[in-house]
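Could you put the whole structure together from the sequences, leaning on the hints where they help?
2 protein chains.
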Amino acid sequence: MKFQFDISARDGCARSGRISTPRGEICTPAFMPVGTAATVKAMLPESVRATGADILLGNTYHLMLRPTAERIAALGGLHKFMNWDRPILTDSGGFQVMSLASLRKLTEEGVQFSSHIDGSKHVLTPERSMEIQKLLGSDIVMCFDECPALPADRTTIAASMELSMRWAQRSRDAFGDRPGHALFGIQQGGLEPDLRAASAEKLRAVGFDGYAIGGLAVGEGQAAMFGVLDYAPGQLPEDKPRYLMGVGKPDDIVGAVARGVDMFDCVLPSRSGRTGQGWTARGAVNLRNARHRDDPRPLEEGCDCPACRSYSRAYLHHVIKSDEIIGSMLLTWHNLAYYQSLMAGLRAAIAGGRLGAHIAAFHATRALGDIEPL
Amino acid sequence: MKFQFDISARDGCARSGRISTPRGEICTPAFMPVGTAATVKAMLPESVRATGADILLGNTYHLMLRPTAERIAALGGLHKFMNWDRPILTDSGGFQVMSLASLRKLTEEGVQFSSHIDGSKHVLTPERSMEIQKLLGSDIVMCFDECPALPADRTTIAASMELSMRWAQRSRDAFGDRPGHALFGIQQGGLEPDLRAASAEKLRAVGFDGYAIGGLAVGEGQAAMFGVLDYAPGQLPEDKPRYLMGVGKPDDIVGAVARGVDMFDCVLPSRSGRTGQGWTARGAVNLRNARHRDDPRPLEEGCDCPACRSYSRAYLHHVIKSDEIIGSMLLTWHNLAYYQSLMAGLRAAIAGGRLGAHIAAFHATRALGDIEPL
Chain B
100 MKFQFDISAR DGCARSGRIS TPRGEICTPA FMPVGTAATV KAMLPESVRA
150 TGADILLGNT YHLMLRPTAE RIAALGGLHK FMNWDRPILT DSGGFQVMSL
200 ASLRKLTEEG VQFSSHIDGS KHVLTPERSM EIQKLLGSDI VMCFDECPAL
250 PADRTTIAAS MELSMRWAQR SRDAFGDRPG HALFGIQQGG LEPDLRAASA
300 EKLRAVGFDG YAIGGLAVGE GQAAMFGVLD YAPGQLPEDK PRYLMGVGKP
350 DDIVGAVARG VDMFDCVLPS RSGRTGQGWT ARGAVNLRNA RHRDDPRPLE
400 EGCDCPACRS YSRAYLHHVI KSDEIIGSML LTWHNLAYYQ SLMAGLRAAI
450 AGGRLGAHIA AFHATRALGD IEPL
Chain D
100 MKFQFDISAR DGCARSGRIS TPRGEICTPA FMPVGTAATV KAMLPESVRA
150 TGADILLGNT YHLMLRPTAE RIAALGGLHK FMNWDRPILT DSGGFQVMSL
200 ASLRKLTEEG VQFSSHIDGS KHVLTPERSM EIQKLLGSDI VMCFDECPAL
250 PADRTTIAAS MELSMRWAQR SRDAFGDRPG HALFGIQQGG LEPDLRAASA
300 EKLRAVGFDG YAIGGLAVGE GQAAMFGVLD YAPGQLPEDK PRYLMGVGKP
350 DDIVGAVARG VDMFDCVLPS RSGRTGQGWT ARGAVNLRNA RHRDDPRPLE
400 EGCDCPACRS YSRAYLHHVI KSDEIIGSML LTWHNLAYYQ SLMAGLRAAI
450 AGGRLGAHIA AFHATRALGD IEPL
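For the protein sequence lines, the chains are B and D, in the order given. Just so we're aligned: 166 in this note's numbering is position 67 of the first sequence, and the numbers increase by one with no gaps anywhere. Just so we're aligned: 230 in this note's numbering is position 131 of the second sequence, and the numbers increase by one with no gaps anywhere.
Just so you know, not all the hints are guaranteed correct.
Since the list gives no way to pick out one identical chain from another, each pair is judged satisfied if it fits inside one copy or across any two copies.
With a Cα cut of at most 27 Å, we get these calculated DSS-like pairs of lysine-lysine [stated by the list, open to error]:
(1) Lys233 / Lys420
(2) Lys233 / Lys204
(3) Lys220 / Lys233
(4) Lys233 / Lys339
(5) Lys420 / Lys179
(6) Lys420 / Lys220
Honestly, the hints are just simulated from the structure, not real lab data.
Structure below.
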């Protein structure tokens, strides 16, 4: 079976459709929960699936260090290792080498670095990243790229983009022909329209199964990000999935979908679930706040996740304040379920040709703020 | 519906049967997972039930401090609060005041102490303990007792036992008549047969729905504990459940069941699940050990818990070494499932009149040690 992307509906720049892979379909626009170290933290994979997730993201950087890609391959691949038989997208390791590793040395060849876990020395190149992602058994493989820290001057961003484009070609060459597996290119170019255009042109010349918009959500702010998204998706092929890496908050996702993005990943719903923050249609709720301690109401009325179906805000407040693991389990579950319902709502609105009204209602509901205190 | 205990089979001193309560039946011999702060750590209650648990234990000391018994009562009681609709046994708070609180002052009236959480001052008396356990909605209420730290001289143990027996009468008086709810007395007397006999006599004179054997599993060692269990159960009423508090390791439980004990609780399976220790028929397995890191085999062959059904030892090793929450979730689930299967095996052996052979096989299997390294 081939990797394939079919757009079934459009509304303005937004599209809804599905990605078909041998491991299952991915309804788009899609949100991918992050399973950094072969687990979506505080969740069993069957629970992640129950929230509606079609695909997970795994992190090459973390997995290559521990337990190592070779070990996972010997154990039958990442899907079997972590008990998730649906599609997995792996990043290239490039971004996290820059954000987590120490003693980095960047050359034309690749990046040398020391592990943040034990200081051991490693090298990542486009070829090694492709090899690792193949060992993991990733369904959607990302090109190895370099993402400069912002703010950076135009010369730096241009040079970095050019390097990433040479690495994109090397990634494509190293990936080879793997039916049923996809390779995505990553557009760079910072906040510069002409650099973004040049990057897109080079990627199109190489040819990929999908295209990520990289180098955003790194501190530039939503207005600047939306500024890039006003033109960047249109620079990429119309008939391939577009993936905005590392995004984001619900309103980031809504704005990006309206601008033509099909795929997202972010640690936010799972990470904030471990710190007592619940995401609802009416915004973020800090369950550590004492106003919840006597509140018999669910976190979100009408949500059918286990946290909302079976527990009060008072209980969630209690277990979070008590540092009980069930607090992380329940809030992560709710947050992932909220994100998936957000995506399902966007897909239905696009299919129904009513995305504008849907987004207006999304913002109006958020403007209400959390339910009134008791 | 009344609280009722029916013995359906005997084998030597051992008994199997069931406790009936308005919230459900408890097959005995029973193991009660500990849900200290209104959660069995790292488990959803439906998962605890799936392991085969008929009843949970809640800790009065923890719950009275946070979120408070009054708050839980206002929210509909502990069952509703923590989403567990089957029976709950609560301890009296006495033991944990002694082991966790600071600035304790013991008088005939009760115990003053400071919270280990925030230093706030509290008082526990037999009457207040009964009130708290009623507010929680406990199905099986424990008398408020004093448990002296061992080693202690005979005079100290005798005085402590006498005090606990006066408190047992006050607990009985304060408990009143609550159909469908049970009150258990607690035998004390350390390792002294005559003090144990005196304690049992006083408890029988008051009259309880069940009888705990207290003051054991506090560092005296298995041989000394079994020494007491050789006579203590026989000092208690034959037709009421006998509960050995805070016990224990699998071989402790097996030895106590053979000596006529019907109920157990212990944090061991859940606590050790959070530190990478798995309990199996072949003994304890430390999954942090590097020998597991390439091992594709399940923790325990033939176990149908999620950890054994869907994951390798290599995966469990990886997530435990990586401090991932799923490691605690999976190992706690396995350990609670193992404990429940241990109890089910004992019940079946008693019912079949083959407990001796069953225990011999239990020890023979443990003597094999863990499976051979790869």
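Quick rundown of the hints versus the structure:
no. : hint            : in the structure
1   : Lys233 / Lys420 : between (42 Å within a copy, 24 Å between copies)
2   : Lys233 / Lys204 : within (25 Å within a copy, 65 Å between copies)
3   : Lys220 / Lys233 : within (21 Å within a copy, 60 Å between copies)
4   : Lys233 / Lys339 : within (22 Å within a copy, 63 Å between copies)
5   : Lys420 / Lys179 : between (35 Å within a copy, 19 Å between copies)
6   : Lys420 / Lys220 : between (40 Å within a copy, 20 Å between copies)
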